[in-house]
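Participant: Okay, here's what each chain looks like letter by letter:
Number of protein chains: 2
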Amino acid sequence: MTSPHAALAARLGYAFRQPERLVQALTHRSFGAEHNERLEFVGDAVLNCVIAATLFDRLPGVPEGDLSRLRAHLVNRDTLARLARGLELGTLIRFGEGERKGGGRERGSTAADALEAVFGAVFVDGGFEAARDAIHAVFADDLARLDPAILGKDPKTRLQEWLQARRMPVPEYAVVEVAGAAHAQTFTVECRIAGLSIATRGEGASRRAAEQGAAAAAYAIVSSTTGVSDHG
Amino acid sequence: MTSPHAALAARLGYAFRQPERLVQALTHRSFGAEHNERLEFVGDAVLNCVIAATLFDRLPGVPEGDLSRLRAHLVNRDTLARLARGLELGTLIRFGEGERKGGGRERGSTAADALEAVFGAVFVDGGFEAARDAIHAVFADDLARLDPAILGKDPKTRLQEWLQARRMPVPEYAVVEVAGAAHAQTFTVECRIAGLSIATRGEGASRRAAEQGAAAAAYAIVSSTTGVSDHG
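Respectively, the protein sequence lines represent chains A and B. Quick note: the first sequence uses the numbering used here, first residue 841, plus one each step. Quick note: the second sequence uses the numbering used here, first residue 841, plus one each step.
What the hints contain is simulated information worked out from the structure, not anything from laboratory work. The beta-carbon is built from N, C-alpha and C at its ideal position, and this holds for glycine as well. Check each hint, because a few of them may be wrong.
Stated by the list, open to error - Coverage of chain B stretches by chain A, computed from C-beta distances (three or more under 8 Å per stretch; other residues unrestricted): (1) 884 to 890; (2) 904 to 915; (3) 1020 to 1033.
Okay, chain A solo, but in the shape it has when bound (with noise of 0.2 Å):
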């Protein structure tokens, strides 16, 4: 491994078994040899697992589909790619000739694949809890808007607070179904933001309990869509 493949594995976190893996995760099919195609397969697939269990964790109260939106945000190739460019991705990945004159190494999807790829390649070296820790530490910044330690103030507090400081309208919560028996009711609560055309819920035990969910999905919302980070 180069010393710049070190310093890669370094910022993920993980130190490889088989250093062999993160240069393969780094090889354009253009390459020929072992590429990275397989590898971004798993990568995929392992990055969409720990995103939804993150978000599992870390949004008690928000439902599915507001759990679904939430990660099409966080994972998509606009992301991965500014991810992988803040990483340096693209000066480490190996093209054949054709490809690397033709641009390749500019392409942000291309570095983005190589990513997904490493993430991959760290899965099968090491396991799932050491790509996740990589994942955890590659989207830190991402994340962190979720994050109850780092959001401090409860989420409708915050959601308000983050609206207030941009002059953008104040939420507005409603109740739009209580459901179950009376000893196991479950409100579901939505969170609007006029003038944004966002509508997240939140569901809970109590309606208090689902509003912090519905905000929090809000939040989360609000603060990547822009991508003016607030957690200062």
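Use these hints to put chain B onto chain A, whose structure you have.
Facilitator: Relative to chain A, chain B alone:
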């Protein structure tokens, strides 16, 4: 946990630390209380990840496109509904009264969703490896077709015998690409089966290795598509 729940847990090969998670996985939204949709979100992601990793391990010469296709064969609503029936999941699901009277228990899609939620519950309760083992237990017959130990003979021989036993045409192999420098060439071979409109690919450092990869992918597809297992 009631005894049918214990029987299900036994078939998953997993003892829940918090058995209420299994109960939640078997609770339809119409029931009202903590229902299974969030667990289904996690379970779907875990299932896709486990199957991706399993295909990666068991089909070394098979390129990403065929791994993707195979996963879609293995993980889909029909397969999940069939497996859920085998586990008699339908009888364990808790419904709200309206849904129950409306025949919710008989809907395959509801049972398929619940099975994903069950995998999600194992993951949340016991981690990735517990979920992987449970998924492997439930998918044992479907995955057996991919297991080199069970395949026994090499994939090309196996495929040919399988087709001959059914009076189907023999497969044809063609090298479609040779990439890379002389010391690190990668062969891509396509395996076509006339009349079945199946064309799979294999890659490897030799033509023979690539043919075996393509044959393994084709065998997995024909045997799963026709629904006829042949590993006696």
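Participant: Against each hint, give a clear statement of whether it holds in the structure.
Facilitator: The hints, checked one at a time:
1. For a cut-off of 8 Å, the count of residues in the region 884 to 890 of chain B with a CB near a CB of chain A stands at 5, and the three-residue condition holds.
2. Judged by the Cβ-Cβ criterion of 8 Å, the region 904 to 915 of chain B is covered by chain A as claimed, because 3 of its residues qualify and three suffice.
3. Evaluation of the coverage hint for the region 1020 to 1033 of chain B: fulfilled, as 5 residues show C-beta separations to chain A shorter than 8 Å, against a requirement of three.
Checked against the numbered hints given earlier, the structure satisfies every one of them.
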